[in-house]
Amino acid sequence: MSTQITIIRPKKTFSFHDLRELWQYKELIYFFSWRDLKVRYKQTFIGVSWAIFQPFITMVVFTVFFGGLAKMPSDGVPYPIFVYVGLLFWQFFSGALSDTSNALITNQPIITKVYFPRLILPISSVVTKFIDFLIASIILVGLMMYYGYMPHASGLLLLPLLLIITFMASIGLGLFLAAINVKYRDVRYALPFFIQILLFVTPVIYPASIAGKYSWILALNPMMGVIQSARAALLGTAPTNWLLIFISFFGTLLLMLFGIYIFKRIERYFADII
Amino acid sequence: MSQTIIEVNNLGKKYEIVHERGKYMALRDVLMNIIKSPLNFFKSKAKQVVGLEKKEDFWALKDVNFTVNKGEVIGIIGRNGAGKSTMLKILSQITPPTTGEIKVFGRVGSLLEVGTGFHPELTGRENIFLNGAILGMTKKEIVKKFDQIIEFAGISKFLDTPVKYYSSGMYVRLAFSVAAHMEPDILIVDEVLAVGDADFQKKCLGKMGEITKTEGRTILFVSHNMAAIQNLCKKTIWLENGQIKKIGETKDIINSYSSNKTDIPNITKKSLPLKVGDIVGKINFTEISITNGGGSEMIQSEDRLKITLKYNSDFKTEIPDIRVLISLICEDPQRNVLRFDSHVTTKTLGDGIKPSGRIVCETENTNLTEGKYIAEIMILPQRAKHSQLKLTKEFEIMTDLTKYDYNLKPDRDNSSYLIKYNFKGQAGN
Numbered sequence: 021m022s023t024q025i026t027i028i029r030p031k032k033t034f035s036f037h038d039l040r041e042l043w044q045y046k047e048l049i050y051f052f053s054w055r056d057l058k059v060r061y062k063q064t065f066i067g068v069s070w071a072i073f074q075p076f077i078t079m080v081v082f083t084v085f086f087g088g089l090a091k092m093p094s095d096g097v098p099y100p101i102f103v104y105v106g107l108l109f110w111q112f113f114s115g116a117l118s119d120t121s122n123a124l125i126t127n128q129p130i131i132t133k134v135y136f137p138r139l140i141l142p143i144s145s146v147v148t149k150f151i152d153f154l155i156a157s158i159i160l161v162g163l164m165m166y167y168g169y170m171p172h173a174s175g176l177l178l179l180p181l182l183l184i185i186t187f188m189a190s191i192g193l194g195l196f197l198a199a200i201n202v203k204y205r206d207v208r209y210a211l212p213f214f215i216q217i218l219l220f221v222t223p224v225i226y227p228a229s230i231a232g233k234y235s236w237i238l239a240l241n242p243m244m245g246v247i248q249s250a251r252a253a254l255l256g257t258a259p260t261n262w263l264l265i266f267i268s269f270f271g272t273l274l275l276m277l278f279g280i281y282i283f284k285r286i287e288r289y290f291a292d293i294i
Numbered sequence: 129m130s131q132t133i134i135e136v137n138n139l140g141k142k143y144e145i146v147h148e149r150g151k152y153m154a155l156r157d158v159l160m161n162i163i164k165s166p167l168n169f170f171k172s173k174a175k176q177v178v179g180l181e182k183k184e185d186f187w188a189l190k191d192v193n194f195t196v197n198k199g200e201v202i203g204i205i206g207r208n209g210a211g212k213s214t215m216l217k218i219l220s221q222i223t224p225p226t227t228g229e230i231k232v233f234g235r236v237g238s239l240l241e242v243g244t245g246f247h248p249e250l251t252g253r254e255n256i257f258l259n260g261a262i263l264g265m266t267k268k269e270i271v272k273k274f275d276q277i278i279e280f281a282g283i284s285k286f287l288d289t290p291v292k293y294y295s296s297g298m299y300v301r302l303a304f305s306v307a308a309h310m311e312p313d314i315l316i317v318d319e320v321l322a323v324g325d326a327d328f329q330k331k332c333l334g335k336m337g338e339i340t341k342t343e344g345r346t347i348l349f350v351s352h353n354m355a356a357i358q359n360l361c362k363k364t365i366w367l368e369n370g371q372i373k374k375i376g377e378t379k380d381i382i383n384s385y386s387s388n389k390t391d392i393p394n395i396t397k398k399s400l401p402l403k404v405g406d407i408v409g410k411i412n413f414t415e416i417s418i419t420n421g422g423g424s425e426m427i428q429s430e431d432r433l434k435i436t437l438k439y440n441s442d443f444k445t446e447i448p449d450i451r452v453l454i455s456l457i458c459e460d461p462q463r464n465v466l467r468f469d470s471h472v473t474t475k476t477l478g479d480g481i482k483p484s485g486r487i488v489c490e491t492e493n494t495n496l497t498e499g500k501y502i503a504e505i506m507i508l509p510q511r512a513k514h515s516q517l518k519l520t521k522e523f524e525i526m527t528d529l530t531k532y533d534y535n536l537k538p539d540r541d542n543s544s545y546l547i548k549y550n551f552k553g554q555a556g557n
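Those sequence lines, one after another, are chains A and B.
The first sequence begins at 21 in this note's numbering and counts up by one.
The second sequence begins at 129 in this note's numbering and counts up by one.
Calculated directly from the structure, the hints in this document are not laboratory data.
Keep in mind that a hint or two might mislead.
Okay, derived cross-link-like pairs now, DSBU-like style, lysine-lysine, Cα gap no bigger than 35 Å in a straight line [stated by the list, open to error]: (1) B:Lys500 <-> B:Lys331; (2) B:Lys285 <-> A:Lys58; (3) B:Lys403 <-> B:Lys552; (4) B:Lys198 <-> A:Lys62; (5) B:Lys164 <-> A:Lys58; (6) B:Lys267 <-> A:Lys62; (7) B:Lys285 <-> A:Lys203; (8) A:Lys284 <-> B:Lys268; (9) B:Lys500 <-> B:Lys410; (10) B:Lys292 <-> A:Lys46; (11) B:Lys231 <-> B:Lys268; (12) B:Lys164 <-> A:Lys203; (13) B:Lys335 <-> B:Lys362; (14) B:Lys552 <-> A:Lys46; (15) B:Lys272 <-> A:Lys62; (16) B:Lys362 <-> B:Lys231; (17) B:Lys268 <-> A:Lys62; (18) B:Lys142 <-> A:Lys203; (19) A:Lys58 <-> B:Lys292; (20) B:Lys548 <-> A:Lys46; (21) A:Lys58 <-> B:Lys268; (22) B:Lys373 <-> B:Lys363; (23) A:Lys46 <-> B:Lys410; (24) A:Lys284 <-> B:Lys198.
Computed from a predicted model, the values in this text were never measured in an experiment.
Only chain B is shown next, with the shape it has when bound in the complex (with noise of 0.2 Å):
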């Protein structure tokens, strides 16, 4: 049953950086330094050619073992730069590794792109053609699979029409038909949901579901989308600087992923001296989660979210006065969208804090959609003025592709009052 399909022994890719020297050069400046110095220019000419130029080794991927079994969905994650899309091209044969060893067992469809070799010329019927034999079908299967992927596109009517007069929209839409529909033994697909209207995105979402649970193949899939990551990847790898960090089953993975974001130092300032009657002391603000309501930080659409704020301090009484302000910033475009104040009536933290414990704010259904949040975090000490303690953490909003129906516009009625939430203090660690 469990066959072996991919086994990556020990893979390594080292590229070199070359420290170019006044890059785009005009020839005026070339001849210059010729005539000034032109030793040095045939110098450094030589040294190119004969490659001894002052290099920097970069390793993209180090030590990379494992091996995927036959019919496994695995998801590859990890930040920007960990070597995801490198190991995708490795496993693609574009570019061969520095060290180790694949043994792949099967044909391999690679989707790193959509819409690879698409000629803005040709009509869409044509570009079916040219984009799936670059991907490596046959011209039978092309045309077996023909009335599927037009149908699956719903360009049907814009068939004989040169893909350059395509709506973006349209032209993503006919590009990842043509892909959805390769038949490989192992099918490689880099982060291409991102492209598309929403209702296109949960189309290929859906498609990409449907054969990963009926066809039974084999899928490598890297995103930064979590949601879809957990909704078709039973494994999950994450890479970290070149090297798998952790490899196991999704939830596990995705839920140490999320929470090791917090090791960020995204805490700019953590202490405030505060003065509480004649004690001058300082409060420390230790940890901060944003969750959802059961505790989770995979927080979808429509969950609550749960802000808690961890913190000691140098006093024995209660503090008080203590005003908490939190802004949710949504990342892009950078703009308010949500603000919870702890002293606008009855959302007041009361008459104040435990010498050490947590402030928790919690909201109602936030109905926040699908991204990328700032939670800003203001401190301010009612009676120290020009005092107060700036603090930030990121979270992400996720997509349950189950319940998902992209009608997430904003509820009026919801929106049109405040959402309600509620501020509490807590005593302990």
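Just chain A, same shape as in the assembly (with noise of 0.2 Å):
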């Protein structure tokens, strides 16, 4: 057997080493994601039918009040397919974004006691808010069955690389976000406002089309490209946009990287400061 040798310093920079160590502790990312999923619908009546159920009702409101009584634009789609192929993104986004940027301050009990690899706690939740994307899925299915749309092989090829760029979006942000939670608590209280502006500011609920000439301005967004791309692929709205993809790839790439340095750059100290 050989023999593992840590060197412990007062400053460590960072290197394949910690890449290593992430792979060597990834049964606890599963381990953590499963303890959220099993602990969440714990003495519940519904118990898991909560991860459909949220979304469904969400998109029932949604089609009643916007699609119905607002008379909002869906490029041509029933609204309740078109609003839903946008919630469940929306929907993994936001949760892997609230839940990674307080993924440290919630398991503040553990980080004080043990040690292994911080990166592991964000990476799970979003594990966990994925795995809450596939269960309401389901009823993606059901609906596209029900209104007659078959969505293209092509379209279905796509879905991951949009997934990916959710993730990285979500854990980019989430990464710089929970470091700084660790020290200041304000990131809690001022991430459920921002994420419900950024609702607005995502074409949810409506068309990226209705913002006109100033609709690369909504570009900016990643989110905005993914959900886009999804209904393009899914329900044929419009062709891929190969442009806004890449952009959004690229961009949340860089999110994401940036996220990974602060937190490491901080990592080593929170047990300090948390």
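Quick one: dock chain against chain with the hints and give me the complex.
The following block contains the structure:
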């Protein structure tokens, strides 16, 4: 058996060792996600059905008010299915963002007592949300069958890429906020508000086309690219805009690297200041 | 054979203590402050951001050097705030050092708390997996050890019950059991044996002993329980004010550690004015020692107590009629447990004591339970009214684990009578 040598020094520079370590602890990602999912629906009556119930009811309410009463345009597809695609990705993003931002705080007792790569916690938060996403997707399949929409094979292939972009966007911003949250709990109060605002500047309940010639401003928001492309891929609302996906991909990649950089920089002091 | 497994060089850890003004201010206060002096508010906020606010450096650890060889079991002792926990936290990589370097050869498992990451909503079974994973075990290892874990914890009946319904004893048993089955190269254990009932504590210590003896694992063990340290560790590090005060054989270290406690000025007043015949003078008490019958400061339950007061005086002749009253007070909860009076018939110091020498009180087997005690010693000269002297001294009763059977209920036969004791005066220094 080879002995593993650890050197503990005041300042640790980022190295590939960290990645290897992350890999070593991969099981812990699974266990944390598993815990969060298990715990969430303990002592509830309808259990996991909540994961379906919530987006479904939101969709119904949005359909009645925005689609029905406000006559919101929906790029020619039935409004329920239009808004649901948006909601699905939006809830994945916003849920993952708020959970990663709070991941360190909520696990404070563990952080101050045991060592493991701290990145595990935010990552497992995203994984948990991804599982919610999968569960909620069942409704989408049902809706598409009901309205008779068949996605193109090429569109389905695009989905993993869109999920990766969403993952990078939420974890990039989330890591940055999580690191700040350790010291300044202001994040905790500002974030729900911020997410609410973000919902309105993201084309979830309305099509991006509504902004007309200013829609390029919306493109600064990576989630706009994701939702727009998801609709294009699944519902065929428009041809796939590869440039938009490209911008979103590299924008979020940069965001993620920035988040990791900030997170790693103060990671070791979490236990002291949390 | 003696292969270095941990190497600590010049380790130091600095904390910055920020002096916060006016904690827990309500929003109204904050607003009032801003209105009253907006400049000040922003200045202090800006200082906070830039890091210029009033700070005080505090070195929790400084210049710590030591090495640990493979298979060694090292005890770490020291008073509260000596830096023990900080050192363990640095070794387990929870917090980084400020200076120095540590080389660790092997996998470190740390047990700074029992039940880290336990979730009350999850069942016992689920928590074993979660806790095991957090402590660094792989799923495979946990599955392999699963039966041993539940057997050791003795909770097989409640395996599928959420732990929030567990009694606190069951909870702790399960938590320790998971931790005890970790198999790292180096195990770091903080004061975790202070939990659980007596039987379980014994079981834990037994398990620790087993790990150390049969499996040849390297262990760093922090505890206030000297008997546990003595039993488990060959070598001990004594930390004081963030520095290593002494390092060496456990027995020597513990002896000097316990006797070091006498340096604490817990004698409030040392001399007592007296009048012997026509001569007015003082009697000075210079030292109090509390040992077992054999003279060791490591006193165990079944030992006799020997309380010795050293004194000298200004007098040339014998000092008559000195009454000594010793009360043993249990520190927690504060109550009197035993009382020895030198003036109860046949226990008297006789005609008097020599001008200088010792007053010794020897008792029979006291059967005091493990814990901290205070001896309150009253010196009462019979003829000098309103003049008396009170001395205090702390001591500790420890538990010998090898003989320990936790059946130390008060012995009815014994406790219904007074414990036999005997005072005597001795000449000389």
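Against the structure, the hints:
Using a Cα cut-off of 35 Å, the hinted pair Lys500 of chain B and Lys331 of chain B holds, with the two alpha carbons roughly 23 Å apart. Distance check on the hinted pair: Lys285 of chain B and Lys58 of chain A sit about 21 Å apart at the alpha-carbon level, within 35 Å; holds. Only pairs whose Cα atoms come within 35 Å are accepted, and Lys403 of chain B paired with Lys552 of chain B is accepted, the gap being roughly 22 Å. Between Lys198 of chain B and Lys62 of chain A, the direct Cα distance comes to roughly 45 Å. Violation of the 35 Å bound is thereby established for this hinted pair.
In summary, the hint linking Lys164 of chain B to Lys58 of chain A is not supported, as the alpha carbons are separated by about 52 Å, beyond the 35 Å threshold. Proposed proximity of Lys267 of chain B and Lys62 of chain A is supported: the alpha carbons are some 23 Å apart, at most 35 Å. Distance restraint check for Lys285 of chain B and Lys203 of chain A: the Cα-Cα separation of roughly 43 Å exceeds the 35 Å cut-off, and the hinted pair is therefore not satisfied. This hinted pair checks out: Lys284 of chain A and Lys268 of chain B have alpha carbons roughly 30 Å apart, not beyond 35 Å.
Between Lys500 of chain B and Lys410 of chain B the CA atoms are separated by roughly 32 Å; this keeps the pair inside 35 Å, and the hint holds. The suggested pairing of Lys292 of chain B with Lys46 of chain A holds, with an alpha-carbon distance near 28 Å, which does not exceed 35 Å. The suggested pairing of Lys231 of chain B with Lys268 of chain B holds, with an alpha-carbon distance near 28 Å, which does not exceed 35 Å. A hinted pair counts as satisfied when its Cα atoms are at most 35 Å apart, and Lys164 of chain B with Lys203 of chain A qualifies at roughly 28 Å.
Between Lys335 of chain B and Lys362 of chain B the alpha-carbon distance is near 17 Å, which keeps this suggested pair within the 35 Å criterion. With a C-alpha separation of about 70 Å, the suggested pair Lys552 of chain B and Lys46 of chain A falls outside the 35 Å cut-off, and the hint is violated. Distance check on the hinted pair: Lys272 of chain B and Lys62 of chain A sit about 28 Å apart at the alpha-carbon level, within 35 Å; holds. Among the hinted pairs, Lys362 of chain B with Lys231 of chain B is consistent with the structure: their alpha-carbon atoms are about 22 Å apart, no more than 35 Å.
Between Lys268 of chain B and Lys62 of chain A, the direct Cα distance comes to roughly 26 Å. Compliance with the 35 Å bound is thereby established for this hinted pair. Between the alpha carbons of Lys142 of chain B and Lys203 of chain A the distance comes to roughly 18 Å, so the proposed pair stays at or under 35 Å and holds. Between Lys58 of chain A and Lys292 of chain B the CA atoms are separated by roughly 15 Å; this keeps the pair inside 35 Å, and the hint holds. Simply put, Lys548 of chain B and Lys46 of chain A have alpha-carbon atoms about 65 Å apart, too far for the 35 Å limit, and the pair is violated.
Note on Lys58 of chain A and Lys268 of chain B: the hinted pairing holds, with a Cα-Cα distance of about 21 Å set against a maximum of 35 Å. Of the pairs offered as hints, the one joining Lys373 of chain B and Lys363 of chain B holds, with about 14 Å between alpha carbons and a cut-off of 35 Å not exceeded. Proximity of Lys46 of chain A to Lys410 of chain B is assessed by CA-CA distance (about 74 Å); at most 35 Å being required, the pair is judged violated. Of the supplied pair hints, the one linking Lys284 of chain A and Lys198 of chain B holds, its CA atoms being roughly 32 Å apart against a limit of 35 Å.
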